Amino acid sequence: MSVSNLLENWSKFRHTHPVEDKGHPDWEAYPSDIKWAMAIDLDACTGCNACSVACYAENNLPVVGKEKYSHGQAMHWMRIERYWDESESGFEVDQGARFLPMMCQQCEAAPCETVCPVGATNHTEDGLNSQIYNRCIGSRYCSANCPYKVRYFNWYDYPTTKDVWPSPMNEQLNPDLSVRSKGVMEKCTFCKQRTYVARNNAKTEGRPVQDGDVQTACQEACPAGAITFGNLYDPESKVAQKWQHQQVELTKEKQDKDKTEGNRLRGYRILEELRPYPSVMYLERVRESAV
Amino acid sequence: MGKDIREDIAWAQINKDVLKSLESPRKAYWVILLVALLVFGVGVGCEVYQYNMGMGVANLDNPHVWGLYIASFIFWIGMSHSGTLLSAILHLMHADWRKPIYRFAEAMTTFSLLTAALFVAVHLGRVWQIYYALPYPNERWAWPNFQSPLLWDAMAVFTYLSSSMIFLYVGMIPDLAICRDNIHQGWRKKVYTILALGWEGTDRQWRNFRMTYLTVACFLIPLAVSVHSIVAGDFAMSQQPGWHVTSFPPYFVAGALYSGCAAIISLFVILRYVFRFEEYMTLPILKKIVRLTFAIAMVWTYLNCIEFASVWYSHDEAAKGVLIQKAIGPYAPFWWAMIFCGSVVPFAMMVKKWQTNIPIMFAVSLLLNLGMFLERWMIVSPTFSHGIYPWTFDHDQWPSMVQWGMVFGSFGWFTLLFLVFCKVFPSVSMYEVKEMVYHRSLQSKKEAAGEELAVKGAN
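Protein chains in written order, with our numbering: chain U, 3 to 293; chain Z, 189 to 647.
Simulated from the structure, these hints should not be mistaken for lab results.
Predicted, not measured: the structure shown is a model, and the values here were computed from it.
Hints are supplied without guarantee of correctness; some may be wrong.
EDC-like mimics (lysine to aspartate or glutamate), calculated; alpha carbons at most 20 Å apart, straight line [stated by the list, open to error]:
| id | chain 1 | residue 1 | chain 2 | residue 2 |
| --- | --- | --- | --- | --- |
| 1 | U | Lys68 | Z | Asp504 |
| 2 | U | Lys194 | U | Glu110 |
| 3 | U | Lys256 | Z | Asp584 |
| 4 | Z | Lys508 | U | Glu238 |
| 5 | U | Lys68 | Z | Asp582 |
| 6 | U | Lys164 | U | Glu69 |
| 7 | U | Lys70 | Z | Asp584 |
| 8 | U | Lys256 | Z | Glu505 |
| 9 | U | Lys70 | Z | Asp504 |
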């Protein structure tokens with residue numbers, strides 16, 4: 003009976019902390035040689051929004067229209083945040099804006115996971131923060147507890163709403179993943195449909211997943227090549243090398259960098275001090291680190 | 189000031205007066221009932237619209253995903269606490285002045301919990317899947333997430349609701365027997381007969397009854413404290429600035445007792461008029477509740493100050509930002525109104541003349557509850573509008589009429605349930621009022637005899 007199953011395997015039903023529970027037998031019981039991660043070079047980012055558009059196309063994101071957008075009900079999993087320099091006299095436009103592409107940071111100790119009452123959001127063995135649409139009851143606690151506010155709720159039933167995918171855009175809906183009905187939470191998945199294809203192909207060919215087997219939609223679309231995506235556990239992968247090069251470590255809550263390196267080290271993770279252990283490393287603009 | 193209750197009131201008269209409330213209330217009863225029905229209708233209409241259209245019509249957005257629904261949920265849960273305070277805690281403390289008023293306070297507990305439960309359903313994006321949150325055994329071995337404060341919350345509220353229903357019912361059994369014996373009409377007689385469980389008032393029955401009642405009372409007290417602490421945990425366990433506050437559980441419990449006591453004053457005034465309970469719900473008793481409410485108001489104010497101070501002197505810039513935004517940001521009028529209603533208005537209860545002035549106390553109690561509603565809203569919304577991540581600051585969000593309509597409707601739903609209860613079941617505990625009258629008259633006889641002796645001795 004399932005109650006006894008629950009009691010006997012309690013530690014499998016709770017969310018283990020990926021850092022503090024290291025060495026915990028049940029944590030070690032799910033070994034994985036894949037940990038998807040990203041590095042985003044803000045110095046290369048021009049704020050062109052191509053990544054965001056690619057994400058809309060790849061992930062069947064509904065285009066909600068001007069009115070709902072201005073109500074804050076947009077569904078942009080990947081959003082470009084624009085910041086202006088501020089001085090006493092107001093906004094400074096001389097140096098232009100700064101841009102920050104922001105999507106789900108796929109935290110290792112995700113604040114959203116522990117609070118979901120029905121366990122609709124969980125950690126996968128390849129280090130992603132998954133969202134089970136079928137299980138979601140729409141309490142929105144995950145979004146309330148997300149420090150980055152990168153979770154998007156289906157305020158309306160978009161697939162049946164007119165002009166969400168006006169013809170012929172409905173012809174290009176991605177068959178590899180579902181559209182979402184009203185009342186469920188959704189967010190960036192690191193293009194899970196692509197990573198699974200890559201993993202399955204590698205398995206069929208009897209080899210480990212190699213760097214370059216998979217690109218996310220945003221990475222593919224970025225004209226400046228600002229986004230690097232790959233397996234952090236593969237020391238040969240570009241993303242792992244970038245993290246290592248910038249002396250940013252996944253399991254550290256505070257990076258202690260080599261001070262003698264000076265301005266070369268631009269890597270940082272956003273809101274690291276809250277200890278969510280995000281899987282996305284940003285590289286500061288040279289302009290900021292040079293000052 | 190006079191006595192809590194007339195001591196020469198006959199037992200038969202008590203039965204007669206209370207049973208009359210089951211049959212012929214004032215006309216005002218039907219007026220209030222009709223208004224409550226209409227108000228509830230507004231809420232139902234809003235929910236039907238929202239159910240069909242999606243949560244978007246509530247004008248919630250990303251990241252402002254919670255709004256008045258959660259605030260009302262806390263408000264109604266909070267309101268439920270004073271029933272337990274009056275019936276269980278004061279019962280253990282032998283404060284017998286609670287006897288004429290505890291029954292309706294206990295009913296208020298049950299019905300405000302039922303109202304709060306509505307908001308859980310109303311708030312969910314997919315309410316039709318609400319049973320996923322229940323730990324029911326299933327083939328897929330899928331369980332709710334036992335680490336989520338929201339799940340603890342659901343369990344605490346459900347436990348509290350079921351226990352307080354049992355408490356309400358157990359305390360009513362001797363009265364139900366009186367109803368059964370005195371009412372001779374169709375369905376009511378049948379209902380009372382079934383519910384009275386064959387009560388005959390034998391010695392053994394009374395002894396068992398006392399034990400059961402005491403046991404449930406003792407069980408209920410820690411539950412009442414825990415349930416609102418867990419609701420506070422929904423916020424305190426999160427990482428958000430303005431919520432991540434250690435003092436939240438006691439703060440929430442104090443706020444709960446506060447709004448509950450204020451609600452008791454409002455309902456006291458209404459019931460006293462509608463059911464002609466002037467003999468039982470007397471002004472000296474009102475004075476005692478008013479004093480109790482004032483004391484709790486001061487505890488709440490103190491805990492409020494502690495929260496502000498701990499945020500102000502901490503080095504958590506985000507939390508400090510939220511606090512400053514509450515005072516000067518878009519929610520400032522409501523935040524200051526909350527401070528005014530919650531911490532300034534109660535001083536009206538210090539004025540001795542006003543303590544027994546029914547219109548003034550009624551107005552004060554409504555203002556206090558307005559303040560407590562604003563308090564809950566000011567806990568939920570400012571954190572979303574000015575949280576930790578600057579790009580998502582959202583100062584323009586305003587609840588739509590659908591949200592307000594649902595909040596409005598909840599008052600109709602509560603009033604409806606409460607009034608129907610008071611019409612069907614005795615809202616003044618007959619057997620306990622008899623006890624009270626008996627003990628008090630015995631006491632004053634003793635005192636009189638003592639005085640006589642003293643006079644004789646002096647001679």
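Hints versus structure:
This hinted pair does not check out: Lys68/U and Asp504/Z have alpha carbons roughly 36 Å apart, beyond 20 Å. Proximity of Lys194/U to Glu110/U is assessed by CA-CA distance (about 16 Å); at most 20 Å being required, the pair is judged to hold. The straight-line distance between the Cα atoms of Lys256/U and Asp584/Z is roughly 35 Å, outside the 20 Å bound, and the hint therefore fails. Among the hinted pairs, Lys508/Z with Glu238/U is inconsistent with the structure: their alpha-carbon atoms are about 44 Å apart, more than 20 Å.
Proximity of Lys68/U to Asp582/Z is assessed by CA-CA distance (about 17 Å); at most 20 Å being required, the pair is judged to hold. Proximity of Lys164/U to Glu69/U is assessed by CA-CA distance (about 14 Å); at most 20 Å being required, the pair is judged to hold. Under the criterion of a C-alpha separation no larger than 20 Å, the hint pairing Lys70/U with Asp584/Z is consistent with the structure, at around 14 Å. Proposed proximity of Lys256/U and Glu505/Z is supported: the alpha carbons are some 18 Å apart, at most 20 Å.
With a CA separation close to 34 Å, the supplied pair Lys70/U and Asp504/Z exceeds the 20 Å bound.
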